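Asker: In case you want the letters, here they are:
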Amino acid sequence: MKTALPIILVVEDLLSEGLLRRMLSEYPLWYDIHAVLGHEGYGFIKKRLPAFNRAARRIGFVVMTDLDQNPCPALLLRQWLPEALHPNLLFRVAVREAESWLLAHRKGLGRFLGIKPEVIPSDPDAEPDAKAALLALTRQSPHAELRRALLPAAGRRAAVGPDYNGALLRFVYKVWKPTVAARHSESLRRALHRLECYHPEAIVEAEPQT
Amino acid sequence: MRLGKVEFSRWKNLPSLRLDLQPRILLVGPNASGKSNFLDVFRFMHEVCRPAGGLLPALANRLGLAGVRQRPTRTNAPLQLHFAFEDEARTRWHYELGMHAKGGPRSPRTEVAYERVLRNNRLLLNRPDAADHRDPERLSVTCLESPLANASFRPIRDFFASTGYCQPAGKLAAAEGSDAASEAIVSLLNGLPKRLRTVRLRQLESVLKSAVPRFQRLELSDASAPRPKVEAHFAVGKAGSMRASSDELSEGTYRLLHLISSVLAPHQLLLVEEPEAALGPAVIRHLAGIFHRLGGDTQIMLSSHSAELLADSGIDASEVVLFLPQSGGEARVVVAGEIPEIKALLEEGLSVGEVVLPRTAPSRLQELGLIP
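Listed in order, the protein sequences are those of chains R and D. Number 310 in my numbering belongs to position 35 of the first sequence; there are no gaps in the numbering. Number 350 in my numbering belongs to position 332 of the second sequence; there are no gaps in the numbering.
In case anyone wonders, no lab produced these hints; they're calculated from the structure. Remember, predicted model here, so these are calculated numbers, not experimental data. Treat the hints with caution; some may be incorrect.
[Stated by the list, open to error] Once the Cα atoms are required to be at most 27 Å apart in a straight line, the calculated DSS-like pairs of lysine-lysine come out as:
#1 R:391 with R:406
#2 R:449 with R:382
#3 R:382 with R:406
#4 R:449 with D:227
#5 R:406 with R:449
#6 R:406 with D:361
#7 D:256 with D:227
#8 D:120 with D:30
#9 R:452 with D:227
Required output: the full structure, derived from the provided sequences and hints.
Answerer: Below is the structure:
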């Protein structure tokens with residue numbers, strides 16, 4: 276019988292939290308989420324990553340951030356964390372942002388938005404602006420309430436609609452399948468793969484390798 | 019029906035202001051900057067328009083005209099409340115009310131200085147009119163409040179009459195018999211057809227279940243009694259369950275029940291003071307989205323100090339009304355999106371909360387450090 280492994284999640288926003296929770300729910304007996312930190316964009320994660328890395332001696336951390344315009348995840352990690360990554364800290368980067376992982380489940384997203392899956396980009400990791408792509412697809416949706424929730428009203432400067440998080444979290448928890456989406460997103464596939472082998476308890480006393 | 023523009027002059031401590039209001043309005047500013055006074059205009063209009071209400075009782079509740087009109091009163095310039103609405107049929111309505119003091123110091127009274135109603139810019143009502151000149155006592159009431167006079171512009175009356183209000187710290191009052199949360203729940207569910215009643219109850223219970231650990235369900239006891247009691251059921255231990263009446267709930271649970279019932283109710287306008295009060299930050303982060311999703315057509319106007327609430331990326335600068343005290347004394351009340359440096363920071367990608375909340379810090383707050 277496996278005991279649940281305590282972990283802390285660190286995320287940029289509510290959407291990333293939903294994605295991570297849904298991915299972790301594929302392995303329900305393995306993880307016990309003690310806390311979710313962040314919700315303040317990437318600045319907080321960048322600033323605190325060295326501290327999380329040191330605290331990883333005591334508890335597992337799963338950190339998720341967006342690549343945005345940076346060239347590659349490995350470079351991002353090296354910039355944010357010069358020292359060695361503790362084995363108990365899983366650092367995953369959505370390429371180029373969390374919305375790419377939503378686009379990757381084309382059939383599910385098509386069903387949710389009420390549009391043909393064929394119009395959804397087939398290589399979301401290559402999308403320069405996945406959020407904009409998602410909003411553009413939403414404009415084609417026949418569901419007025421969904422459009423009202425996800426899209427900013429005309430003339431608004433806000434980037435997203437008044438219930439952007441709520442609507443997308445409903446998609447994440449009710450429709451989105453990470454294993455299906457992983458077939459269309461390399462960054463998601465890698466994240467799931469690392470989660471599958473992630474056992475912070477097994478190496479809880481290991482010191483970081485220099 | 020939705021409120022568009024408002025123009026107020028001489029209401030309590032507010033400066034003369036003119037604002038464009040959105041379907042969702044967030045009032046932000048330091049303590050005592052006038053946010054509650056602003057909300058009180060709408061509570062006042064509600065008291066004018068509700069059944070058994072009227073101008074006289076609404077003023078009496080606020081200690082007369084002196085209680086609502088700005089001092090000093092060298093001239094007798096009227097207190098002015100102007101509202102512009104648009105309804106579902108795109109009809110534009112205007113309601114303009116002026117009030118001033120009449121009578122000497124020995125028998126002061128408040129009178130309507132003017133009352134105008136326009137429908138698509140056509141005057142439906144323009145007081146004082148000939149009847150008012152013949153019988154000045156008519157000026158002690160508005161036409162808005164009287165079914166004998168408001169037939170052609172009843173939608174305005176209905177808008178204010180259906181305004182709801184939700185403020186913090188209700189639990190103490192619940193123990194003393196004034197149970198706002200239970201009343202809100204009962205009035206939400208009463209009179210609904212069974213199917214809709216079940217839907218609303220389920221929505222309310224779902225929010226509570228997500229936000230309050232161990233919450234199971236709600237029960238209305240004695241639905242036919244004049245004051246039906248609401249009870250919450252919580253899981254206890256492995257398989258047990260316990261009941262709590264509203265005054266036994268935690269402050270946050272009570273508040274959430276009151277808040278969500280008010281949002282679900284079919285008010286045309288809902289006023290909320292500090293929705294974040296007594297709630298944990300994780301819950302607060304979801305509130306802006308919940309207001310949109312559960313609010314339906316309700317126009318929601320709320321005051322907030324919360325960084326988590328204002329961090330929602332779906333909030334537009336046009337939805338935030340800032341109350342900024344000036345050194346002269348009177349606050350400046352302005353839509354955040356119209357301030358140039360705020361526009362500039364928002365264009366650089368900062369969120370509304372990040373840009374707007376620091377503006378609400380009192381300028382003399384550093385002096386706290388100097389207190390021995």
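Asker: Now tell me if each hint is right for this structure.
Answerer: Consistency of the hints with the structure:
Proximity of residue 391 of chain R to residue 406 of chain R is assessed by CA-CA distance (about 18 Å); at most 27 Å being required, the pair is judged to hold. Restraint check for residue 449 of chain R and residue 382 of chain R: satisfied, since their Cα atoms lie roughly 13 Å apart, inside the 27 Å limit. A hinted pair counts as satisfied when its Cα atoms are at most 27 Å apart, and residue 382 of chain R with residue 406 of chain R qualifies at roughly 18 Å. Only pairs whose Cα atoms come within 27 Å are accepted, and residue 449 of chain R paired with residue 227 of chain D is accepted, the gap being roughly 17 Å.
Between residue 406 of chain R and residue 449 of chain R, the direct Cα distance comes to roughly 20 Å. Compliance with the 27 Å bound is thereby established for this hinted pair. Of the supplied pair hints, the one linking residue 406 of chain R and residue 361 of chain D holds, its CA atoms being roughly 22 Å apart against a limit of 27 Å. With a C-alpha separation of about 17 Å, the suggested pair residue 256 of chain D and residue 227 of chain D falls inside the 27 Å cut-off, and the hint holds. Simply put, residue 120 of chain D and residue 30 of chain D have alpha-carbon atoms about 18 Å apart, close enough for the 27 Å limit, and the pair holds.
Proximity of residue 452 of chain R to residue 227 of chain D is assessed by CA-CA distance (about 25 Å); at most 27 Å being required, the pair is judged to hold.
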